[in-house]
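Here the structure of chain A is known, so what remains is to put chain B in place on it, guided by the hints.
In the order they appear, the protein sequences are chains A and B.
The first sequence begins at 1 in my numbering and counts up by one.
The second sequence begins at 1 in my numbering and counts up by one.
Hints listed in this document are in silico derivations from the structure and should not be mistaken for laboratory results.
Bear in mind that the values here come from a model prediction, so they are computed numbers and not experimental data.
Hints may contain errors.
Treat identical chains as interchangeable: a pair holds within one or across any two.
[As the list claims (entries may be wrong)] Listed below are the simulated DMTMM-like cross-link pairs for lysine to aspartate or glutamate, each with C-alpha atoms no more than 25 Å apart in a straight line:
#1 250 to 298
#2 35 to 286
#3 312 to 204
#4 247 to 305
#5 247 to 215
#6 250 to 240
#7 260 to 286
#8 312 to 269
Protein chains: 2
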Amino acid sequence: MDIANELLAGSRLALSRAITAVENEYDTAVDIMQKLYPHTGRAHVIGITGPPGAGKSTLTDKLAKEYRRQGKTVGIVAVDPTSPFSGGAILGDRIRMNELTLDEGVFIRSMGTRGSLGGLSRKTAETVKIMDASGKDVIFIETVGVGQSEVDIVKAADTTLVVLVPGLGDDIQAIKAGVLEIGDVFAINKADRDGVDRLNIELEMMLDLNQDMVDWRPPIKRTVASQNQGIEELIAALDDHLGHLDKTGKLAIRRTERTKNELLAMIEEQLGRYVLRNISNSGQFEQLVTAVQQRQRDPYSVVTDLLKGILK
Amino acid sequence: MDIANELLAGSRLALSRAITAVENEYDTAVDIMQKLYPHTGRAHVIGITGPPGAGKSTLTDKLAKEYRRQGKTVGIVAVDPTSPFSGGAILGDRIRMNELTLDEGVFIRSMGTRGSLGGLSRKTAETVKIMDASGKDVIFIETVGVGQSEVDIVKAADTTLVVLVPGLGDDIQAIKAGVLEIGDVFAINKADRDGVDRLNIELEMMLDLNQDMVDWRPPIKRTVASQNQGIEELIAALDDHLGHLDKTGKLAIRRTERTKNELLAMIEEQLGRYVLRNISNSGQFEQLVTAVQQRQRDPYSVVTDLLKGILK
Numbered sequence: 001m002d003i004a005n006e007l008l009a010g011s012r013l014a015l016s017r018a019i020t021a022v023e024n025e026y027d028t029a030v031d032i033m034q035k036l037y038p039h040t041g042r043a044h045v046i047g048i049t050g051p052p053g054a055g056k057s058t059l060t061d062k063l064a065k066e067y068r069r070q071g072k073t074v075g076i077v078a079v080d081p082t083s084p085f086s087g088g089a090i091l092g093d094r095i096r097m098n099e100l101t102l103d104e105g106v107f108i109r110s111m112g113t114r115g116s117l118g119g120l121s122r123k124t125a126e127t128v129k130i131m132d133a134s135g136k137d138v139i140f141i142e143t144v145g146v147g148q149s150e151v152d153i154v155k156a157a158d159t160t161l162v163v164l165v166p167g168l169g170d171d172i173q174a175i176k177a178g179v180l181e182i183g184d185v186f187a188i189n190k191a192d193r194d195g196v197d198r199l200n201i202e203l204e205m206m207l208d209l210n211q212d213m214v215d216w217r218p219p220i221k222r223t224v225a226s227q228n229q230g231i232e233e234l235i236a237a238l239d240d241h242l243g244h245l246d247k248t249g250k251l252a253i254r255r256t257e258r259t260k261n262e263l264l265a266m267i268e269e270q271l272g273r274y275v276l277r278n279i280s281n282s283g284q285f286e287q288l289v290t291a292v293q294q295r296q297r298d299p300y301s302v303v304t305d306l307l308k309g310i311l312k
Numbered sequence: 001m002d003i004a005n006e007l008l009a010g011s012r013l014a015l016s017r018a019i020t021a022v023e024n025e026y027d028t029a030v031d032i033m034q035k036l037y038p039h040t041g042r043a044h045v046i047g048i049t050g051p052p053g054a055g056k057s058t059l060t061d062k063l064a065k066e067y068r069r070q071g072k073t074v075g076i077v078a079v080d081p082t083s084p085f086s087g088g089a090i091l092g093d094r095i096r097m098n099e100l101t102l103d104e105g106v107f108i109r110s111m112g113t114r115g116s117l118g119g120l121s122r123k124t125a126e127t128v129k130i131m132d133a134s135g136k137d138v139i140f141i142e143t144v145g146v147g148q149s150e151v152d153i154v155k156a157a158d159t160t161l162v163v164l165v166p167g168l169g170d171d172i173q174a175i176k177a178g179v180l181e182i183g184d185v186f187a188i189n190k191a192d193r194d195g196v197d198r199l200n201i202e203l204e205m206m207l208d209l210n211q212d213m214v215d216w217r218p219p220i221k222r223t224v225a226s227q228n229q230g231i232e233e234l235i236a237a238l239d240d241h242l243g244h245l246d247k248t249g250k251l252a253i254r255r256t257e258r259t260k261n262e263l264l265a266m267i268e269e270q271l272g273r274y275v276l277r278n279i280s281n282s283g284q285f286e287q288l289v290t291a292v293q294q295r296q297r298d299p300y301s302v303v304t305d306l307l308k309g310i311l312k
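In isolation and in its complexed conformation, chain A is listed as follows:
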């Protein structure tokens, strides 16, 4: 049985197994990814981020339904980097036990953090590639919160949708500043709440201050996802952004940049494993840790010595 070929022939089971292989780092994963890689690069990948409580899952579900209504197939990767120890991924699965999962044209997978964060970014990017190879037209990467981890994860997207919500208080200001630069499209969800106009004005002001937006001004759309309001308009904005990237040649530039970053991240991850295997499990390393711990040596000279041992 060849998982990659079965996936390319349309098997949902093979799709699921390929993702599991990547997630659990099975030996088969690299082989699968090598075979699927030539079939990637066709989907519109949309990253969705924003503070907890903004209603991102509901919004993603409604966007997925509307894309389906337009005849497009959809993949959703729900990523939860905030749960390093316990079942964040399970939470995502439970929420998604709804009508979407009965639709053959939709494939949903949630991922939590097992192991390193770098690993999670890579696994998310590879899950997107697997769904892409399986022929999904639109793939959402949805994160639970907004932070450096989410920013890294969302880098796998062509278009980044930042979801905000009125009335989350002052700490949100800092978050807004942080995500301003990564947002290609903004949604103010729960737009039937108080404070929507103020948030809208604040956002516009922050966008005014940004210098980089010479040829694409991120639109701000209002939605009430729970009542299916504003979804079509939001999709139009997402499609517009893809069209803009395509027309200006920025899509190719973004994807080349992404390829570059993915290669570097893979190299760093492999190097990290090499270090774990060749340094941290050695008796010499334990001795050095003790020497540093007892202040007989300092960590900086120890690191220099250890690196001399492994690099050409």
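Leaving out everything else, chain B in the frame of chain A:
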């Protein structure tokens, strides 16, 4: 002028300059850190994390004041990994423009993300070491939110205080699950709000489920930081935890583990730089990116080839 010696002699200016050197990666940083390292290991390092809006900064300030009343000197490192692009660190500074900054026995520094997250964890840990070498008795590492980034940063602490707040809604449940395992002491802040009893019960139940707590059951303390309520009791709990670590020999074990992780992180960071310098700036790398981008080669075999070129 020798920054390290001046710092050890008690200069606040040297303390500030040493941190700046680490933060901006000046050439002098390693030399300073090597000289300070033998003088570290004396402070009680307390990590403070929890969701945005829990009132962590106010609580930290009140804890600092109470420690000062008890005659201890205090360092505060306020870390904001959620602001990769703009002035999260500035926000922290602004909030702290209060009476604490007039106290010679308190030193406050806020740090945002410039560069990699791994870099931020290391710089936070080194800032803690610098404050430690300067003789601070208690050092707080305060994060703005709670996520994998914050968990990594808080790893530099002896005692982790998780601050929660009643009534933040369902997304918080996932966060609580994620931070349960790292909390040595819990504070329910804004405990004059509705929902405090329910949150307390939920927390106790979650702690009941945890298997690892055979000899230390994390206490749950209620505070209203803005009104200075519960601060002394919380400090007693933090001190109890340090006493427990010391008595059981766990303090040495934790710190050895931390030394080990810090060494590995430093090695990985140095390797990352080596890769950037020797691979990503080469013309060969650009050609490989193009080949991968055009699906002539797959990223997995390219990475294998590149690694062969640099490792012994």
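Point to revise | Within, between, both or neither, where residue 250 and residue 298 count as close if Cα-Cα is 25 Å or less | key: between (47 Å within a copy, 22 Å between copies)
**Study point:** Up to 25 Å CA-CA - residue 286 versus residue 260, copy category
**Key:** So residue 260 and residue 286 pass the 25 Å test across copies only (8 Å; inside, 36 Å).
**Study point:** Alpha-carbon proximity between residue 312 and residue 204, which holds within one copy, between copies, both or neither at 25 Å
**Key:** neither (52 Å within a copy, 53 Å between copies)
Review point. How would you label the pair residue 247, residue 215 (within, between, both, or neither) given a Cα cut-off of 25 Å?
Key: within (11 Å within a copy, 63 Å between copies)
Practice item. First find the shortest C-alpha distance between residue 250 and residue 240 inside one copy, then the shortest across copies, and answer within, between, both or neither for a cut-off of 25 Å. Key: within (13 Å within a copy, 57 Å between copies)
Practice item. If the cutoff is 25 Å on CA atoms, where do residue 247 and residue 305 land: within, between, both or neither? Let me know, please. Key: neither (51 Å within a copy, 35 Å between copies)
Check your understanding: Quick one: residue 312 to residue 269, C-alpha cut-off 25 Å, is that within a copy, between copies, both, or neither?
Key -> So residue 312 and residue 269 pass the 25 Å test inside a copy (18 Å) and across (17 Å) alike.
Practice item. Measure nothing new, just compare the shortest in-copy and cross-copy C-alpha distances for residue 35 and residue 286 to 25 Å and report within, between, both or neither. Key: between (41 Å within a copy, 23 Å between copies)
Hint violations for this structure: numbers 3 and 4, all remaining hints satisfied.
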